[in-house]
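Chains as they are written, first to last, in the numbering used here: chain W, 122 to 486; chain U, 122 to 486; chain S, 122 to 486; chain X, 122 to 486.
Because the hints were derived from the structure by calculation, they are not lab data.
Since the model is a prediction, treat every value here as computed from it, not as a measurement.
Check before you lean on any hint, since a few could be wrong.
[As the list claims (entries may be wrong)] Think about it this way: if two alpha-carbon atoms lie no more than 30 Å apart in a straight line, the pair counts; the simulated DSBU-like pairs of lysine-lysine are: (1) X:Lys-268 x U:Lys-268; (2) U:Lys-439 x U:Lys-300; (3) S:Lys-300 x S:Lys-268; (4) W:Lys-439 x U:Lys-216; (5) S:Lys-439 x X:Lys-439; (6) X:Lys-268 x S:Lys-268; (7) U:Lys-439 x U:Lys-268; (8) S:Lys-268 x W:Lys-268; (9) W:Lys-268 x U:Lys-163.
[To be verified] Away from chain X, derived, C-beta distances all over 12 Å, residues of chain S: (10) Ala-205; (11) Lys-216; (12) Pro-223; (13) Glu-238; (14) Ala-280; (15) Asp-286; (16) Asp-325; (17) Pro-339; (18) Gly-343; (19) Glu-351; (20) Arg-397; (21) Ser-425; (22) Lys-439; (23) Arg-483; (24) Gly-484.
[As the list claims (entries may be wrong)] Some chain X residues near chain S, calculated using beta-carbon distances under 8 Å: (25) Leu-185; (26) Lys-216; (27) Gly-236; (28) Lys-268; (29) Gly-269; (30) Phe-347; (31) Ala-388; (32) Asn-391.
Note that CB positions come from ideal geometry on N, CA and C, so glycine has one too.
Next come the chains, spelled out residue by residue.
Number of protein chains: 4
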Amino acid sequence: MKNGFGSSVRVTLFGESHGPYVGAVADGLAPGLPVDPARVQKRMALRAAAGAISTPRREPDEALFVSGVYEGRTTGTPLTVLIANTSAKSADYEKTRAMARPGHADYTAFMKYGGYEDPRGGGHFSGRLTAPLVALGAVALDALGEKGILIGTHIRSLAGIADRDFSDLSRELPALGEKRFAVLDASAGDRMRRAVEEAARAGDSVGGVLQTAVTGLPPGVGEPWFDSVESALSRVLFGIPAVKGVEFGDGFALCGMRGSEANDPFAVENGRVITRTNRNGGVNGGITNGMPLLFNTAVKPTPSIAKPQDTVDFFQTKEAVISVTGRHDPAIVHRARAVVDAVTALVLADLLALRFGTDWLRGAR
Amino acid sequence: MKNGFGSSVRVTLFGESHGPYVGAVADGLAPGLPVDPARVQKRMALRAAAGAISTPRREPDEALFVSGVYEGRTTGTPLTVLIANTSAKSADYEKTRAMARPGHADYTAFMKYGGYEDPRGGGHFSGRLTAPLVALGAVALDALGEKGILIGTHIRSLAGIADRDFSDLSRELPALGEKRFAVLDASAGDRMRRAVEEAARAGDSVGGVLQTAVTGLPPGVGEPWFDSVESALSRVLFGIPAVKGVEFGDGFALCGMRGSEANDPFAVENGRVITRTNRNGGVNGGITNGMPLLFNTAVKPTPSIAKPQDTVDFFQTKEAVISVTGRHDPAIVHRARAVVDAVTALVLADLLALRFGTDWLRGAR
Amino acid sequence: MKNGFGSSVRVTLFGESHGPYVGAVADGLAPGLPVDPARVQKRMALRAAAGAISTPRREPDEALFVSGVYEGRTTGTPLTVLIANTSAKSADYEKTRAMARPGHADYTAFMKYGGYEDPRGGGHFSGRLTAPLVALGAVALDALGEKGILIGTHIRSLAGIADRDFSDLSRELPALGEKRFAVLDASAGDRMRRAVEEAARAGDSVGGVLQTAVTGLPPGVGEPWFDSVESALSRVLFGIPAVKGVEFGDGFALCGMRGSEANDPFAVENGRVITRTNRNGGVNGGITNGMPLLFNTAVKPTPSIAKPQDTVDFFQTKEAVISVTGRHDPAIVHRARAVVDAVTALVLADLLALRFGTDWLRGAR
Amino acid sequence: MKNGFGSSVRVTLFGESHGPYVGAVADGLAPGLPVDPARVQKRMALRAAAGAISTPRREPDEALFVSGVYEGRTTGTPLTVLIANTSAKSADYEKTRAMARPGHADYTAFMKYGGYEDPRGGGHFSGRLTAPLVALGAVALDALGEKGILIGTHIRSLAGIADRDFSDLSRELPALGEKRFAVLDASAGDRMRRAVEEAARAGDSVGGVLQTAVTGLPPGVGEPWFDSVESALSRVLFGIPAVKGVEFGDGFALCGMRGSEANDPFAVENGRVITRTNRNGGVNGGITNGMPLLFNTAVKPTPSIAKPQDTVDFFQTKEAVISVTGRHDPAIVHRARAVVDAVTALVLADLLALRFGTDWLRGAR
């Protein structure tokens with residue numbers, strides 16, 4: 122598996138930050154799904170660096186679909202996207218070749234690949250590889266939307282500043298898709314941005330929590346045990362750089378409750394089974410119950426900071442001090458949400474295809 | 122994949138709570154690993170119900186290895202364990218066939234399997250299926266121990282009562298393996314047990330957080346992106362019933378820190394690269410850095426409670442009230458830790474075999 | 122993967138010839154499929170040793186379904202079958218522990234497992250492990266039959282004696298299911314049996330070719346490239362002990378034809394696309410075209426023979442002479458056909474589930 | 122799986138004949154393997170169309186490695202190769218959009234993908250997709266060669282004309298790597314080429330059998346049952362377009378022998394276990410025995426021929442006559458051998474990595 126995930130819909134990721142391209146292949150998406158370049162670029166823009174609170178590295182990040190598309194629709198054969206690395210400035214990195222940036226994969230990649238890894242800009246471990254995931258996810262998001270399945274993520278907290286909670290998903294999820302800075306409460310968003318700018322001025326960075334909601338999922342989706350909705354999603358979410366925690370529904374907060382509080386009582390509403398609360402995030406026993414799927418993803422502060430940090434030169438096994446001087450984000454939480462939406466769409470497309478067959482995603486609701 | 126996990130070492134799980142057996146197969150474990158029945162049963166006992174704070178269902182839970190063992194050692198071919206369900210009392214469950222126990226998989230299993238699922242005692246979704254995982258994990262735990270890799274889990278909190286933190290893993294991890302109630306602070310353990318008993322008397326249940334540590338892992342283990350140590354472990358941990366959150370290192374708490382605090386500075390100690398703090402839980406970029414692997418698993422309160430709860434009869438799509446009267450645990454956190462240890466050992470055995478080959482686990486350090 | 126195959130329907134095989142059980146798990150079969158013990162045993166009987174031309178080892182080979190069945194139907198969760206090894210006489214084998222039986226896996230297993238392998242009766246490499254495949258396959262065969270998909274295999278040749286060709290599949294396939302010695306031409310069958318008996322008297326063994334036909338498959342089943350119908354089937358067929366060749370349609374004979382002869386011309390018959398010949402065995406580009414699926418499986422002579430053979434003692438790396446004295450079949454071709462039918466059913470169930478979803482196999486045609 | 126194969130080394134294939142690129146990703150190759158463009162192009166040339174007996178379509182087929190290479194060596198992260206489709210003339214194909222070329226995947230792809238498939242030049246089913254396999258295989262072939270494992274394929278027969286048998290692999294295998302038309306007997310090669318030219322003049326095509334040998338494999342490689350050397354290789358070989366049969370060692374010919382003849386007697390030579398004959402092709406029980414691995418691959422005649430053929434228009438379900446007028450090969454056997462070598466190298470790299478770990482392929486012998 123390694124750089125891939127999924128079974129009926131399978132994604133394979135490749136590339137390095139400063140190689141010619143980063144890219145990904147999605148094998149098993151239904152034939153006939155629209156691939157609309159404008160809509161893909163719109164999702165790409167949500168991930169792109171923007172404004173004072175992001176890296177000055179700006180690339181057009183045009184998603185080039187080089188296989189699996191014919192006359193504007195998926196063919197059903199592997200869908201491959203390439204994104205050119207046009208803005209790579211490798212010189213920034215070379216002097217620090219053997220200097221392990223704290224919190225980064227430099228040292229661990231060296232221990233795994235023995236010095237053969239591409240060290241430029243984080244190489245294969247760069248957040249840049251999330252761009253092709255967003256491009257593929259855009260196709261899945263649109264197709265799921267056509268089936269009435271909506272996915273949206275807001276910045277639940279950033280630098281310790283909280284957004285308000287979801288209150289009306291049918292209105293909020295579509296609205297989030299239009300926001301570059303995905304908060305429900307605009308004033309919280311303003312405060313968050315100021316906190317990021319302040320950290321940036323201090324040569325530092327901040328982290329935050331993303332909350333994702335999915336509505337319209339039929340009940341009975343997901344597999345027992347190790348391909349549960351929670352297992353399948355967490356596996357992929359933890360693959361996103363800087364993610365250090367994942368919880369479903371009320372997650373860790375459930376641990377302090379009693380069963381009578383944590384259990385969501387079932388009820389009937391308009392002839393349909395619902396739960397009166399949704400502390401379990403729409404999943405019981407790993408399988409969807411028809412309520413909104415809800416989960417939180419913890420994104421740690423960007424590890425690349427200007428502030429001097431103690432580290433080692435791992436060629437010489439010698440202590441050193443590093444100040445990361447490349448172009449870096451003081452926060453990636455607001456960008457990561459586009460990645461979370463994308464991989465959520467791809468994971469759900471897989472679970473739905475497994476359950477209902479490869480063509481289901483195309484069919485009319 | 123579904124009821125399985127792993128690539129080079131692959132586990133497949135099967136069985137239902139009230140069928141003749143629950144069982145599991147581990148394919149790909151190195152040949153020549155000791156399979157010591159006494160040591161396996163000792164691990165099984167750590168998972169077994171015990172004392173006032175567990176279900177009165179008592180089964181010998183003898184692990185029967187029916188393939189893959191010859192003259193007391195693994196053969197390298199699939200290792201299969203069966204555990205008989207001797208104490209099943211199906212009558213307890215039949216009257217509530219279509220009554221969805223809140224927080225359980227009854228309703229979602231019905232929506233997935235269309236009524237063909239085995240409903241007795243949670244069927245395939247029963248926590249009872251974790252028993253064979255513990256049996257297989259016991260073999261992996263012993264083999265890893267021989268290679269100097271130690272795994273241990275304590276109850277970080279239960280019913281809101283906190284244990285003290287790890288302070289000396291080399292001493293604490295072996296000690297945890299001897300404790301039926303895995304706390305570092307015995308007085309915290311007493312208070313936890315009283316809280317469980319109190320919840321039980323109220324016909325209710327409690328949850329908690331497990332913290333796991335692994336020492337002795339070489340740096341450079343794990344795969345980039347979607348088979349990272351975090352991806353591989355979280356996928357399997359979320360497969361354990363009642364797990365609703367997983368975080369590595371400081372996890373969600375990292376989100377409120379600045380990068381300068383969240384990044385673990387590298388240093389050299391006795392000619393070896395270490396980090397001065399371990400907020401990232403021994404993993405950078407998904408790959409081990411040689412520091413202890415640390416993670417927390419959120420276990421929600423046991424959903425089966427005696428207290429009356431609102432629910433539905435899903436055959437008739439009609440509201441109802443349920444009081445779960447079978448034999449149930451007021452808490453499973455203290456039992457789940459044996460499962461967490463076991464799957465951690467199996468997941469790490471897989472990642473190590475992938476990296477170093479199928480025979481590595483047997484070889485001398 | 123190793124001891125397993127399939128993606129949406131996944132089979133895992135375990136056991137050793139002289140361990141307590143051989144068994145297998147099928148994960149992902151649709152819920153609601155009948156599991157009829159009498160029909161399963163009938164398929165088991167087709168694989169069982171019989172008459173003068175098979176091993177005197179006779180075991181009841183009762184298929185014990187220990188998970189995944191409830192009230193006579195599959196639950197949709199892992200279906201596990203166990204078959205007890207009641208007749209194992211290990212003493213037969215022990216003296217020849219390190220004597221590599223020519224044509225067998227004794228030496229290669231030793232080189233792979235380093236002496237930890239179970240050597241009794243071929244251990245994990247014994248043809249006995251095909252019994253649970255037949256039991257699981259029986260469930261799949263019945264379910265496919267309900268969907269109008271029929272599978273049958275005849276002994277195309279044995280000991281150089283040819284059966285006649287298929288001429289009327291709609292009549293021949295059901296008839297084959299009733300025959301213990303699966304030939305279309307009874308007199309050819311008589312001659313085959315005499316040839317087997319003659320080889321047996323000479324302390325020798327014979328091989329043969331099985332031809333399998335499948336009717337009723339919808340067109341458009343199979344995946345491009347490496348999960349083509351041919352890829353998926355051949356992978357599993359070559360897993361059956363003694364299989365050394367697989368060909369689809371006219372197979373190797375196509376190589377001597379010209380394209381104008383090898384290409385099957387398309388035509389329309391009763392408003393349906395057909396091909397006028399079927400030299401490609403119902404598969405174009407790896408995907409079914411709606412014509413009968415046809416393939417041949419080469420089964421080499423049973424390697425265990427009484428005749429003295431040159432070999433080595435691999436503990437001492439010393440030359441030796443072996444005369445295999447256990448209970449062995451002078452031919453397994455006639456028994457292997459039940460295995461070929463079974464794995465064909467399981468592989469097709471997987472490809473169909475991948476295409477049409479997990480529940481398709483249960484649904485009405 | 123679908124368009125991929127392998128576990129520890131995993132290959133994913135993508136592209137369409139007339140899209141911008143065909144390509145493939147190999148994930149899991151050891152870090153530090155040389156990627157020498159000249160040597161890769163040399164292997165590409167062996168697959169390329171050449172002389173009067175191949176399609177006039179000539180493309181430079183430059184292998185562009187866009188990820189996984191740094192300073193001329195593999196990094197250990199996914200190795201991706203792209204090959205541009207510069208010579209595509211789609212107009213040739215458009216008029217025959219719904220005309221099923223007999224022996225091709227046109228009709229079956231339509232039945233699978235519902236008309237969304239890319240129909241130009243065979244789309245995703247084109248033999249052109251084997252080019253990236255050859256490029257990736259070149260890297261694996263070189264690395265295996267460094268470990269003393271040599272792979273070579275000759276045209277055992279073409280148009281019914283037989284090459285002579287292998288007689289001295291240590292000399293013949295390296296020599297085959299230098300030959301564009303891979304025969305051991307040059308005069309047989311001349312006759313083969315004349316037969317191809319003759320078929321071409323008749324607007325027809327021919328097929329043949331490829332025989333592959335691998336020397337230097339350690340004993341004990343391969344997994345039991347469904348990841349046996351035979352299973353793993355056959356799965357991938359049958360993925361190559363036009364392959365309709367695969368046999369190991371003497372394959373189908375074994376079926377007419379007695380066990381005493383088919384069994385390869387073991388012996389000791391220079392302190393090493395060998396077999397005196399090699400009818401089983403170096404594999405016992407699916408695992409290598411240290412003798413040369415030998416197998417035959419049946420390649421049917423190229424289905425695209427100029428001769429008029431009966432077919433159907435599958436949009437209208439109407440009979441029609443087709444004469445395939447594009448640029449096509451009267452034989453592909455001589456080109457396919459480069460593909461067989463390549464996938465053999467990739468499959469063996471996977472089995473070796475699974476057994477000995479991801480870094481083994483780089484290490485010194």
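Hints versus structure:
| no. | hint | verdict |
| --- | --- | --- |
| 1 | X:Lys-268 x U:Lys-268 | 29 Å, holds |
| 2 | U:Lys-439 x U:Lys-300 | 46 Å, violated |
| 3 | S:Lys-300 x S:Lys-268 | 22 Å, holds |
| 4 | W:Lys-439 x U:Lys-216 | 69 Å, violated |
| 5 | S:Lys-439 x X:Lys-439 | 69 Å, violated |
| 6 | X:Lys-268 x S:Lys-268 | 51 Å, violated |
| 7 | U:Lys-439 x U:Lys-268 | 57 Å, violated |
| 8 | S:Lys-268 x W:Lys-268 | 29 Å, holds |
| 9 | W:Lys-268 x U:Lys-163 | 51 Å, violated |
| 10 | Ala-205 | 21 Å, holds |
| 11 | Lys-216 | 17 Å, holds |
| 12 | Pro-223 | 4 Å, violated |
| 13 | Glu-238 | 10 Å, violated |
| 14 | Ala-280 | 8 Å, violated |
| 15 | Asp-286 | 17 Å, holds |
| 16 | Asp-325 | 5 Å, violated |
| 17 | Pro-339 | 8 Å, violated |
| 18 | Gly-343 | 8 Å, violated |
| 19 | Glu-351 | 4 Å, violated |
| 20 | Arg-397 | 7 Å, violated |
| 21 | Ser-425 | 8 Å, violated |
| 22 | Lys-439 | 7 Å, violated |
| 23 | Arg-483 | 22 Å, holds |
| 24 | Gly-484 | 19 Å, holds |
| 25 | Leu-185 | 21 Å, violated |
| 26 | Lys-216 | 17 Å, violated |
| 27 | Gly-236 | 12 Å, violated |
| 28 | Lys-268 | 17 Å, violated |
| 29 | Gly-269 | 17 Å, violated |
| 30 | Phe-347 | 4 Å, holds |
| 31 | Ala-388 | 6 Å, holds |
| 32 | Asn-391 | 11 Å, violated |
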